[in-house]
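**Student:** Residues per chain are reported as follows:
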Amino acid sequence: MNIRKLLCGLGLAASLSGCGLPWAPENGEPTAIINLRSTGSVLFCMDDKRYLVVAGAGIENRPFPVGRKLNFVVTKTVGSDYNYTYSCSGRFAAEKLEAGKKYYLAYELVQQGCRLELYEQTEDSPVGLRPIKSVPRSDC
Amino acid sequence: MKNCFAFIVVLGLSACATGYQNAALSISGGYTHSEGYGKLTKVEFFGNGFTSEERVKENTVRRIAELAITAKKPYFLMYQSIWQAHFGVTAKTPSSYVIGIKPGAYAYVLFLDEPAPGALEAAPILKKWEEIEAQK
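First to last, the protein sequences are chains A and B. To convert, take the position in the first sequence, counting from 1, and add 90; that gives my numbering. To convert, take the position in the second sequence, counting from 1, and add 1334; that gives my numbering.
Note that these hints are calculated values from the structure, not bench results. Be a bit skeptical, because a hint or two may be false.
Claimed, not checked - Stretches of chain A that chain B covers, calculated by requiring three or more beta carbons in the stretch to come under 8 Å of a beta carbon on chain B:
no. : segment
1   : 139–148
2   : 199–205
3   : 213–222
Ideal placement from N, C-alpha and C gives every residue a C-beta, glycine not left out.
Chain B on its own, in the form it takes in the complex (with noise of 0.2 Å):
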């Protein structure tokens, strides 16, 4: 009975966590992007008080990774600030923070029609994602 009382406190706050969605339709958060920081595209997250840190980081590269095979750039490289970005210092993960309850993430993004060192492909990350949406 407490294992099943606990299951559906878990799944109904997983219900009220930020969904993958576009930030300018939702009042709850969600992904948004803008250019023109020097040849850098701002790529950003914001969740809810329901959404985990870790959550928007993965959504974050989701969504960088769409904006790639969108541009028809198949690899991007990812920085956590434009600091690491001049002086090439790359990242796997982008770069998060917590308002209050509210979790957050962005990564300014170089997309490239090649493979470069530390770059990231964003075919295969979207490929899992597919995996995982088929799963639901």
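For reference, chain A alone in the conformation it holds in the complex (with noise of 0.2 Å):
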């Protein structure tokens, strides 16, 4: 195993391990808050540093930075049987979300996998609620 392989590795590692400092907002700084009923907590990545947003049930309304890009990760444990346990990590990436608007993430099971979607609370949408197209990641 070369160096390149091991710190792959342990990036990875650190990334699954649910590790990043708490956020919250400064005195008086926007946000946009990001409903986080399917996903529970949240780890986000901005500016190269992980930040980890704590959610369940009764908070799950919370408070994100508005105007820089945001790479979500969502790792769950989705469902165990005799002698396994099922987790599955979902990535989303946003260019910026905006301030004072309300958003949804969604966690969603889906055929070998699961995926995380981000929507706009939104009249203009048929549903209420408006997909975010996602960019490419850069994880941290």
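Quick one: dock chain against chain with the hints and give me the complex.
**Tutor:** Here it is, written out as structure tokens:
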């Protein structure tokens, strides 16, 4: 195993371990709200730093930074049977969130995996949720 | 003798499959639903390892039809994802997956008062299930 493979492995292990700095807006800092009801806690990368936003029952709507590219990662345990526990990581990169807007981060199970999607909550959509286009990821 | 043994095995396995039940009241799976995905309702059905993927999809549609009748909405539009709902891509079957050996299915639903292109009617779906139950 060369050093590059070792570093890649360590980086992957760190990204899956769920560690990240807590993020909270500074006084007066504009934010967007993301509903995390389907994801629970979320890791996101911004400016090469990794942050953790904790969510759960009763705290689903959480503030997020605006105007910058955000890379979201959600890893969930999705099931178990006799000797196995199954988890799946979904990733989504948003070019930027807009201040004052409300979003919904959707974690969906699909055949052979999972996916993460971001929607803006808006009356402009016939169903009240408008998909946000993803951009190429740059995980930290 | 062989046929008899196979019949007993199949009968035994089918008896272990997740029944049509509320998931909150069972450890082997069942249906659940939640509202508030924009204007959509998400309906899910989880099965155990003895339940087929086809059965969890059928049970999901059955539960959607029940919810529609309860809400006094005779029709519904079914979508496999929110993304498809936004773009008006309706589905005749829910989205499904298998985790290990356990299948699950879900759909996003918009309940309607009137028929619309791509909409399904709840009453005939429930009637079909009543006939199936009556034959048991």
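**Student:** None of the hints should be skipped; say for each whether it holds.
**Tutor:** Hint check results:
Only residues whose C-beta sits within less than 8 Å of a C-beta in chain B count toward coverage, and the segment 139–148 of chain A has 0 of them, not enough to reach three; the restraint is violated. Counting residues of the segment 199–205 of chain A whose beta carbon lies closer than 8 Å to any beta carbon of chain B gives 4, which reaches the threshold of three, so the coverage claim holds. Against chain B, the segment 213–222 of chain A contributes 7 residues with a C-beta closer than 8 Å to a partner C-beta. That satisfies the three-residue criterion, and the hint holds.
Comparing the model with each earlier hint shows a violation of hint 1 alone; every other hint is respected.
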